[in-house]
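A.B. asks: The primary structure of each chain is shown beneath.
Number of protein chains: 2
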Amino acid sequence: MARWHYEDFPEGEVVEYGDRPVSAEGIVEFARAYDPQPFHLDAEAALETQAGELIASGWHTVALTFRMSFDAFIADSASQGAPGIDEIQWLKPVRPGDRLRVRRTTLAARVSGSRPHLGIVQFRFETLNQDGEIAMRQTNSVYVARRSVGEV
Amino acid sequence: MARWHYEDFPEGEVVEYGDRPVSAEGIVEFARAYDPQPFHLDAEAALETQAGELIASGWHTVALTFRMSFDAFIADSASQGAPGIDEIQWLKPVRPGDRLRVRRTTLAARVSGSRPHLGIVQFRFETLNQDGEIAMRQTNSVYVARRSVGEV
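Listed in order, the protein sequences are those of chains A and B.
In terms of this note's numbering, the first sequence opens at residue 201 and continues consecutively.
In terms of this note's numbering, the second sequence opens at residue 201 and continues consecutively.
In short, the hints are calculated from the structure, not lab data.
Keep in mind that a hint or two might mislead.
Given that identical chains are not distinguished, each listed pair holds provided it fits within a single copy or across any two copies.
[What the hints assert, rightly or not] Calculated pairs, SDA-like style, for lysine to any residue (alpha carbon to alpha carbon, straight line, at most 20 Å):
hint : residue 1 : residue 2
1    : Lys-292   : Phe-325
2    : Lys-292   : Gly-226
3    : Lys-292   : Arg-203
4    : Lys-292   : Ala-309
5    : Lys-292   : Glu-207
6    : Lys-292   : His-317
7    : Lys-292   : Tyr-343
8    : Lys-292   : Arg-346
9    : Lys-292   : Asp-242
10   : Lys-292   : Val-342
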């Protein structure tokens with residue numbers, strides 16, 4: 201039985217979770233597979249680029265953010281998945297040695313009209329570095345099953 | 201010297217590129233790191249889930265799409281990066297054995313008011329499977345340097 205249902209994500213709630221160290225090796229491994237721009241691949245080569253230093257692919261930051269959310273609540277939730285993403289903004293570079301965490305805000309929550317056993321929860325996820333700067337902001341809705349009557 | 205500049209992405213242009221096979225191993229490897237939901241990790245475990253089969257993480261599809269775009273034009277472009285993503289929609293599951301390609305449409309293109317050496321190009325990326333179904337749709341703008349006078 202999932203621990204977190206629709207009712208556990210009230211509108212306006214703000215929670216923080218995660219403590220994810222970012223390594224140069226992790227940055228480079230992701231970049232080799234999916235985003236091999238020089239400033240994601242090699243610290244020396246990055247000096248010659250607009251970035252000026254090795255930074256994580258924006259998609260890597262998104263993937264790390266999802267993993268933190270998975271570990272914090274999705275794994276133990278009645279989530280039925282997300283149809284898409286409303287918006288992503290990359291605001292600050294993510295660098296080797298950074299420690300990331302996530303601030304999740306419930307922007308809206310309502311019961312689905314067509315599928316009344318489901319709720320639709322709109323979250324804003326802000327990925328913060330160790331200095332409290334927002335590196336990435338993402339907004340999206342998730343379908344989450346409602347807690348059945350009598351369910352704990 | 202980059203091959204593709206702002207002028208090479210005229211509004212309304214539609215191009216297709218990529219031919220990326222998706223393997224079960226690739227799906228599972230991405231999922232282990234970033235999205236370890238059972239229907240992304242194991243074909244047998246997936247039978248018991250809402251997905252009913254092994255499917256790729258939506259973030260994996262996004263990352264593969266970016267890689268196809270990188271190989272097709274970003275690597276050899278005067279791209280100055282993307283500030284974010286306007287929208288992502290996941291429309292069809294991506295399965296082991298699929299072959300993905302990308303249809304890129306230039307939705308809008310204009311010169312930056314504040315930085316007139318740059319253009320702002322808004323693209324729609326549609327990730328198609330071998331049956332021509334749209335698995336994923338993404339819209340975002342990219343800064344691209346204008347071709348200097350006299351530059352080839």
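A.B. asks: It remains to establish, for every hint, whether it holds in the given structure.
C.D. replies: Results for each hint:
1. In this homomeric assembly, Lys-292 and Phe-325 come within 20 Å of each other (Cα to Cα) only inside a single copy, at 15 Å, whereas the closest approach across copies is 24 Å.
2. With identical chains, the CA atoms of Lys-292 and Gly-226 are at most 20 Å apart within one copy only, with a shortest distance of 18 Å there and 29 Å across copies.
3. For the homomeric pair Lys-292 and Arg-203, neither the shortest alpha-carbon distance inside one copy (34 Å) nor that between copies (28 Å) is at most 20 Å.
4. For the homomeric pair Lys-292 and Ala-309, neither the shortest alpha-carbon distance inside one copy (29 Å) nor that between copies (25 Å) is at most 20 Å.
5. For the identical chains of this complex, Lys-292 and Glu-207 are neighbours neither inside a copy (33 Å) nor across copies (28 Å), given an alpha-carbon limit of 20 Å.
6. In this homomeric assembly, Lys-292 and His-317 never come within 20 Å of each other (Cα to Cα): the closest approach is 39 Å inside a single copy and 23 Å across copies.
7. Proximity of Lys-292 to Tyr-343 under the C-alpha cut-off of 20 Å is restricted to the inter-copy arrangement: shortest distance 17 Å between copies versus 29 Å within a copy.
8. In the homo-oligomer, the alpha carbons of Lys-292 and Arg-346 never lie at most 20 Å apart, since the shortest distance is 36 Å inside one protomer and 25 Å across protomers.
9. For the identical chains of this complex, Lys-292 and Asp-242 are intra-copy neighbours only, at 19 Å inside a copy versus 35 Å across copies, given an alpha-carbon limit of 20 Å.
10. In the homo-oligomer, the alpha carbons of Lys-292 and Val-342 lie at most 20 Å apart only across protomers (17 Å), although the nearest pairing inside one protomer, at 26 Å, exceeds that limit.
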